[in-house]
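There are 2 protein chains.
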Amino acid sequence: MIFTVDRDVLLNQLIIIQRGLPAKTPLPILYAIKLEVFEDYLLLTSSNTDIAIQVMLDDPSLSIKQTGSIAIPGRYLIEIMRKITSQKVEFALIEDRLVVIKADRSEFKLRLMDVEDYPEVDFLDLEDSIVLDSQMVKTIIKETNFATAVSEKRPILTGVNFKYHDNHLYCVATDSYRLSQKNVKLRTHSKVFDIVIPNKSLEELNKILDGFSEDVELYINPNKVLLKMNKILFQTRLLEGTYPDTMRIIPQEFPVTIPFNKEELLSAVERVSLLSPRDRETNYNIIKLALRPDHVVEISSTNSEVGDALEEVIPSSDITGPVLKIAFSSRYLVEALKSFSSSEVILQFAGEVKPFVIKGSQDPDLLHLILPVRID
Amino acid sequence: MIFTVDRDVLLNQLIIIQRGLPAKTPLPILYAIKLEVFEDYLLLTSSNTDIAIQVMLDDPSLSIKQTGSIAIPGRYLIEIMRKITSQKVEFALIEDRLVVIKADRSEFKLRLMDVEDYPEVDFLDLEDSIVLDSQMVKTIIKETNFATAVSEKRPILTGVNFKYHDNHLYCVATDSYRLSQKNVKLRTHSKVFDIVIPNKSLEELNKILDGFSEDVELYINPNKVLLKMNKILFQTRLLEGTYPDTMRIIPQEFPVTIPFNKEELLSAVERVSLLSPRDRETNYNIIKLALRPDHVVEISSTNSEVGDALEEVIPSSDITGPVLKIAFSSRYLVEALKSFSSSEVILQFAGEVKPFVIKGSQDPDLLHLILPVRID
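Protein chains in written order, with my numbering: chain A, 1 to 376; chain B, 377 to 752.
The set of hints was computed from the structure by calculation and includes no laboratory data.
Any given hint might turn out to be false.
[To be verified] Straight-line distance between alpha carbons at most 20 Å, and here's what the computed EDC-like set of lysine to aspartate or glutamate pairs gives:
no. : chain 1 : residue 1 : chain 2 : residue 2
1   : B       : K485      : A       : E344
2   : B       : K459      : A       : E120
3   : A       : K65       : A       : E36
4   : B       : K638      : A       : D104
5   : A       : K24       : B       : E681
6   : A       : K109      : B       : E646
7   : A       : K325      : B       : E528
8   : B       : K701      : B       : D670
9   : A       : K338      : A       : E217
10  : B       : K607      : B       : D435
11  : A       : K262      : B       : D480
12  : A       : K262      : A       : E298
13  : A       : K83       : A       : E36
14  : A       : K88       : B       : E646
15  : A       : K83       : B       : E646
16  : B       : K604      : B       : D480
17  : A       : K83       : A       : E107
18  : A       : K142      : A       : E344
19  : B       : K485      : A       : D6
20  : A       : K83       : B       : E711
21  : B       : K478      : A       : E270
22  : B       : K478      : A       : E298
23  : B       : K464      : A       : E312
24  : B       : K539      : B       : E590
25  : A       : K138      : A       : E204
26  : A       : K228      : A       : E120
27  : B       : K459      : A       : E312
28  : B       : K701      : B       : E681
29  : B       : K664      : B       : E674
30  : A       : K83       : B       : D435
31  : A       : K288      : B       : E483
32  : A       : K102      : B       : E688
33  : B       : K607      : B       : E590
34  : B       : K576      : B       : E528
35  : B       : K485      : A       : E263
These figures come from a predicted structure and were not determined experimentally.
Looking at chain A on its own, in the form it has when it is part of the complex (with noise of 0.2 Å):
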């Protein structure tokens, strides 16, 4: 195995192959990327137990002298590649389990472990794909990944749900205690599907999403989802079990709807938050929201210890409604407000101890929904 190949070349896919090497694993094998020579291409492949990734590199600047595969010690490889300043790298296969990397006066001598002790990946057949627009995948993973369960005591809400039937793809996110929703409709027809993909795999999808701007396509099988982008393959298992029907609990009656700027908000709920008490449950800061008979909206939270605050916000245009008064964690509505590219949201609510409900202006299809708490 004898090849040379533009260091930034390699670096900018070993930076996307990072993204599928765990944190820890109890298979040290998977510490190593995959590397195949072959005739004109390399393949580099990495995976860990949630996802696995494929990069197909045929550079211009790539140039194979000999085949072969190797298992790389995956961190040492990246960090190496990042220490280089030098054009051009060659690698070399010089023993059954060495291999020497040269950079200008730069020599490696890296160890490697047995290529085939590497588990066999398997990607789903490119067959039936829903072609997705890449910036639509990653505004989907902004709006609604943050409502995801952290804890695994629902494991079912680690997840994003996206059900897909007449054309268009439904998108949910909850913890439980707030939810998001996005719905998108697409381009190209699909089967009826209902997944759950995992927010730490979205995570990753997202960050290899930030340097692509073509076409995404998805293939589905009922245990995982394969994402095509030019010449990356990123797999991810899916979360087994039933997502909840969250249709249920939105309300469908708002006598109450208030308008405001969204920056506004976002920095009165802010300042409000540092002084305010934390929720027993969540450890979220809980503040109160109340409608005046005036038409100001008060902001405002209680500590005994430390303090009060007190901010009023003047709506940004007509109220419907009666006065109002209500109380939420803090991290639920700064977290809904940021997800929006929308500059005016409306908040409807739908009584003092029922889920209200955030939409933007200019974002019609999401829509967030945050379970308030009791207070005396």
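We have chain A already, so just place chain B on it with the hints.
Same frame as chain A, but now just chain B:
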């Protein structure tokens, strides 16, 4: 106690005062900032076991309606000021232990501590100052403080030794494995002194100096030093004990002298360190440096588990002396090199088991010394 002031002006002073708040203290009153309101200025004070800071605020934006003194929770006050966006803020004491902070449509009521409990801070008298250039003080801290000991095994080594005689300031830091020495000529005369300032105090001082370019006045007594930076007083305790005589460990004869381009040497050392094994005592990576008969310098590391690294570095000009092989902790060399402003450095060797010295072509008053480790 009632006053108004520009939010930006107050925040800038609070950011300085914050450096004196303790991270953790058995004396909760020290979590407070002492705020004294006089006829036409404010005094802000913070202190912990090592340092005390006092700032005088007499900005034109300050408007004082009523004088008084309070002890206000430091972190809360600073967080609130950071999050406020209005131009002006008003402080008013409304109860014995309750202050109201108003800013536009925000209102914070903060519970106070008893200002009578705040310990008296004895700042040194402003007599017999030594005038220092603030840039010079920053440079000395940058060039020496990193070489102090982290461990408390020999407490005296956790500070930088400043010795003054004959118009010169001699600054030394060592953790007993490496040493940094800087000599500067002072503009003003002073009595002879020999003090050790704790490294943490120098770190905080360095952060405060970041936004300061005028002269610094230095006042010294046997237990503490006070630095006056315009309207800021920064006082720190000194370390007790006698600083070791380090002159005798610096070799006087260097049979081998090798000049390097600093960046080239630094990046070669950093790359080789990626694979190098760790020293048991210091937990730092051990690398080897060898001068070959052809006057190329080899920097290398050997790691039976991971692999080997080898860099060839061409000295930047003529070498004196015979071939040589020496091993040491790469981090010491990396940190020493980074502290030089020179682009050319000279490594001077007294022998394979003797300390070696690093000097910079543009840093005539700076010397770094590193102890080698024995290898087979």
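Report task. Compare the distance between the alpha carbons of A/K338 and A/E217 with 20 Å, and conclude whether the hinted pair is satisfied. Result -> violated, 28 Å
20 Å Cα cutoff - pair A/K109, B/E646
Distance of about 16 Å is within 20 Å: holds.
Under the criterion that the straight-line Cα-Cα distance not exceed 20 Å, is the pair A/K83, A/E107 satisfied? holds, 12 Å
20 Å Cα cutoff - pair B/K576, B/E528:
Distance ~13 Å between B/K576 and B/E528 Cα, so the pair holds.
Q. Does the alpha-carbon distance linking B/K664 and B/E674 stay inside the 20 Å limit?
A. Cα-Cα ~8 Å, so holds.
Is A/K262 within 20 Å of B/D480, Cα to Cα? holds, 18 Å
B/K638 and A/D104: Cα distance at most 20 Å? Within the cut-off at roughly 18 Å; holds.
Hinted pair B/K539 and B/E590, Cα distance within 20 Å: violated, 23 Å
request  = Would you mind confirming whether the straight-line C-alpha gap from B/K459 to A/E312 stays at or under 20 Å?
outcome  = holds, 15 Å
Check the hint pairing A/K83 with B/E646 against an upper bound of 20 Å on the C-alpha distance.
holds, 8 Å
Worksheet entry | Pair hint B/K478 and A/E270, alpha-carbon separation not exceeding 20 Å | Since the Cα atoms of B/K478 and A/E270 sit roughly 16 Å apart, the hinted pair holds (cutoff 20 Å).
A/K142 and A/E344: Cα distance at most 20 Å?
holds, 18 Å
The earlier numbered hints that this structure contradicts are 1, 2, 7, 9, 13, 16, 19, 24, 28, 30 and 35.
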